[in-house]
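> Please build the complex by placing chain X with the ligand on the supplied structure of chain A, with the hints as guidance.
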Amino acid sequence: MAEGQIVAGLLAPHPPHLVYAENPPQNEPNSEGGWEQLRWGYERLRKSLEDVDYDCIVILSPHWQTYVGTHFLGLERFESLSVDPIFPNLFRFKYDVTVDVELSKAIHDQAKDDGLAVKMMENQDFRIDYGTITSCHMIRPEWDKPIVSISSNRGHAYYSVEVMQEMMIQLGKATRKAILESGKKCVIVASNSLSHRHFTTESEVPEDMSVEHISSHAMHLWDMRMIELMRSGKSQQIVNEMPEFVEQAIAESDGGALTWMLSALDMPDEPAILHGYGTIIGTGNAIMEWPSRNWRENS
Amino acid sequence: MTAQPVKSLVVPAHPHPLLAPEKNEGWGKIREAYDNAREIIEQTDADVLVIYSTLWPSIIGHQIQAHPNPEWVLVDADFHDLGSIPYQFRVDTELAEAWHKANQNRGLESRKVAYDGFPIDVGSVVACKLLNPDNRLPVVICSSNVYANRAETTVLAKSCLDAINQLGRKAVAVSIMSLSNRMFTAPIQPHEDRIHSAKDDEWNLKILEFLGAGRLEDVAQLSRTIHHQIRVQKVVAFKPMWWLSSMNQHRNDLTGEVLGYEPIHGAGAAVVVLDPTSSGQGDKEYDEDSVETFAGDRDVLDEGKDSNLVEIKEQPIHSQHPELWEPTDTNTSVNSQEAPKPVGAYPHARREGNVLYLSGVGPRQPGTSQIPGGAIKDENGKAVDYDIKAQTRAVVSNIEKILNEAGASLENVVDVTTFLIDMDRDFKGYNEVWAETLGAYGPTRTTIAIKALPTPIAVEMKVVARFGDDE
Ligand SMILES: [Fe+2]
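Here the protein sequences come in this chain order: A and X.
Here the first sequence is numbered in numbering that gives the first Met the number 0, starting from 0 and rising by one per residue.
Here the second sequence is numbered in numbering that gives the first Met the number 0, starting from 0 and rising by one per residue.
Just so you know, these hints were derived from the structure itself, not from any lab.
Take the hints with a grain of salt, since some may be wrong.
Listed below are the simulated SDA-like cross-link pairs for lysine to any residue, each with C-alpha atoms no more than 25 Å apart in a straight line [said to hold, decoys possible]:
#1 Lys-381/X <-> Lys-104/A
#2 Lys-100/X <-> Ser-159/A
#3 Lys-128/X <-> Glu-256/X
#4 Lys-233/A <-> Asp-112/A
#5 Lys-376/X <-> Lys-93/A
#6 Lys-100/X <-> Pro-87/A
#7 Lys-104/A <-> Asp-80/X
#8 Lys-184/A <-> Arg-76/A
#9 Lys-381/X <-> Phe-198/A
#10 Lys-400/X <-> Glu-435/X
#11 Lys-111/A <-> Glu-191/X
#12 Lys-111/X <-> Arg-76/A
#13 Lys-450/X <-> Lys-233/A
#14 Lys-104/A <-> Ile-187/X
#15 Lys-93/A <-> Gln-87/X
#16 Lys-340/X <-> Thr-416/X
Here are a few chain X residues that face chain A, going by a calculated C-beta distance under 8 Å [said to hold, decoys possible]:
#17 Ser-57
#18 Asp-80
#19 Gln-228
#20 Val-231
Remember, predicted model here, so these are calculated numbers, not experimental data.
Quick reminder that beta carbons are idealized off the backbone N, C-alpha and C, glycines included.
The following block holds chain A by itself, in its conformation from the complex (with noise of 0.2 Å):
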């Protein structure tokens, strides 16, 4: 068997916003639009993956939070309605999604083996949660690849960033372990915005764009800095910076899913893409791509 290979790393917020923005079928809400510089930067990002040939997305999102380790999803197909708790008025999404099992249980049982606390997800009835579907969908609308969901393991709100980041370092090495190990093509993705402060209120219109803006200097401070590493390839940087970065900006980083990607990219020396940056109600959210299909060739 050809050994697998990560064929690109993501950062892809999963803000309901834009899906609601985009009109799909499967949400109810209907909107006129909104946030098109975030939606162009998907757009841009579906190109980038357009040929580019993989079997797999490997997500980990924020909003499937565990408090006892960290959890997969175990069954092959889950098909139901997400409500998103927080903006239903913007979010009911019927999905199907059809999970890699066997990916799935492979990166679970490297996990364990690695000594982390870790448990496949068997109820049929489970509700996907709705970041793992909102960035799914704007990243592969088609649905028509499979999906490993890694739940988000509340290590920060136990300990610390700074052991959040140990576990979520083992992790991502279990992750890349076992997908080598799969001879499976895989896209792994963080669902994560960068500063997340919200505005409170909503206005009437939720996708009027002239009172969209970042909710304060000091966030578009810390999402430029954030991009800037990015795009300069400082990967340990990013996680030296990180516990500083989720206190100052309330960065729902802190559940873990930038240090766990960047771990199973092996914390890359090379500069990630920028598709698109763009604010939603008040919070910072970057497109970014780390090619790493293209470095291996190149070096």
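For chain X with the ligand alone, kept in the frame of chain A given last:
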């Protein structure tokens, strides 16, 4: 008359007592405690369960479940292997609507959610299934706003009481929460369950000692300390005691009973029932403000240090004001030091024979230009919440000062023209204050909606008064 819940409950959030009471003695005991609590509720004349759930976080204000019959099959994010929880509840939509409106009246951002398949949180589902298995009582469920501090949470309870009062409901208030919420971070066998640490256990026992003695407000005022000591720092802090205590008029002399306390996967699970009957003791050592209305957004970076919202609301907003003028002085003008300065060349009032004509009067305060009830927009021109009742009261008070200066009083007012910038939003509140104040003296009145006023206020009145003897 102020409403108070007929009973107040603290109940745990995890699904073990519902799905697996037989697997562990402690989980079984919590199930029994839940059953006892259900029987206690059944013995009251309560007609609704009002639930504040720490497991339902919200960002855009406070969300209130308003679907008449929410229905789903819930699976816990962590404990999915314990099984699924199918549910169908009956919601008191009338109370949900009234609470939502009351929230808005008190300046809170509020939303009703009524969507098929909305994910009701596991805590609310477990509590409803165990406290109210046959849907004998309808329920109302409210979210826990991640940015809300003590003041906002206190106001949320007051608006809940407004609604309960208005509809004459007899409510049981339910706070869903763990005490210490630190769980084991790896799977355990049921027989291995215990409170995660001795320190957590000691704090839990201290909280239960207070609650058992009916000292709810003491626990509320210790909330921040408790959160730092025994709570994993989740997005939703230890707020439910703020809500529950405010629901009970910040009382510290309730009659409390602890029905159960056991570990669930390391966290402290307790069932407590509080009754409004006075225990006759429980003096409060110290008081925090009991905020009445909420004045809009606040700085979340001051976590743990509640800003005094009333102060924020009443900060001078000179930058929004047109230049102030000295009142025009002529031989028949009446000008008061006590009234706010004009925004143009005119007097506060002018006397013609025994008729007194007042220039338009707003709520602005003299000297500081503060606006009681808050300005209608912030310095950037962004609309913000304000309290029309407080503004109207301030208008009447300013009118009274000018009348007094002329030797007259509110009794002398014969005709009033009121200008509102938002008739739909404000007429009701304005009308209530009118009835309590000027309305009591019977002047004629005309109320019209206009586009704007020269300062960021929502109400202004034009007054004609008659006083002294006819000439
Ligand atoms: Fe998120």
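> If a hint holds in the structure, say so; if it does not, say that too.
Checked hints:
1. At roughly 51 Å between alpha-carbon atoms, Lys-381/X and Lys-104/A are farther apart than 25 Å, so this suggested pair is violated.
2. In summary, the hint linking Lys-100/X to Ser-159/A is not supported, as the alpha carbons are separated by about 41 Å, beyond the 25 Å threshold.
3. Simply put, Lys-128/X and Glu-256/X have alpha-carbon atoms about 22 Å apart, close enough for the 25 Å limit, and the pair holds.
4. Distance check on the hinted pair: Lys-233/A and Asp-112/A sit about 29 Å apart at the alpha-carbon level, beyond 25 Å; violated.
5. At most 25 Å may separate the alpha-carbon atoms for a hinted pair to count; Lys-376/X and Lys-93/A exceed this at roughly 40 Å.
6. For the given pair, Lys-100/X sits about 19 Å from Pro-87/A by alpha-carbon distance, which is consistent with the 25 Å threshold.
7. Straight-line distance between C-alpha atoms of Lys-104/A and Asp-80/X comes to about 16 Å, which keeps the hinted pair within the 25 Å bound.
8. The suggested pairing of Lys-184/A with Arg-76/A holds, with an alpha-carbon distance near 20 Å, which does not exceed 25 Å.
9. Distance restraint check for Lys-381/X and Phe-198/A: the Cα-Cα separation of roughly 13 Å lies within the 25 Å cut-off, and the hinted pair is therefore satisfied.
10. Taken as a hint, the Lys-400/X and Glu-435/X pair is honoured in the structure, with Cα atoms around 18 Å apart against an allowance of 25 Å.
11. Simply put, Lys-111/A and Glu-191/X have alpha-carbon atoms about 21 Å apart, close enough for the 25 Å limit, and the pair holds.
12. A C-alpha spacing of about 33 Å is found between Lys-111/X and Arg-76/A, which places the hinted pair above 25 Å, so the restraint is violated.
13. For the proposed pair Lys-450/X and Lys-233/A, the alpha carbon gap of about 54 Å is over 25 Å, so the pair is violated.
14. With a CA separation close to 20 Å, the supplied pair Lys-104/A and Ile-187/X stays within the 25 Å bound.
15. Only pairs whose Cα atoms come within 25 Å are accepted, and Lys-93/A paired with Gln-87/X is accepted, the gap being roughly 21 Å.
16. A distance of roughly 20 Å separates the Cα atoms of Lys-340/X and Thr-416/X; the hinted pair therefore holds under the 25 Å criterion.
17. A hinted interface residue such as Ser-57/X counts as satisfied when its beta carbon comes closer than 8 Å to some beta carbon of chain A; here the least separation is about 6 Å, so the hint holds.
18. For the restraint placing Asp-80/X at the interface with chain A, the shortest Cβ-Cβ distance is roughly 7 Å, inside the 8 Å limit, so the hint holds.
19. Given hint, Gln-228/X at the interface with chain A, is violated; its Cβ is 15 Å from that chain's nearest Cβ, farther than 8 Å.
20. At a threshold of 8 Å, the smallest CB-CB gap from Val-231/X to chain A is about 5 Å, leaving the interface hint in force.
Violated hints, in rising order: 1, 2, 4, 5, 12, 13, 19; the structure is consistent with all others.
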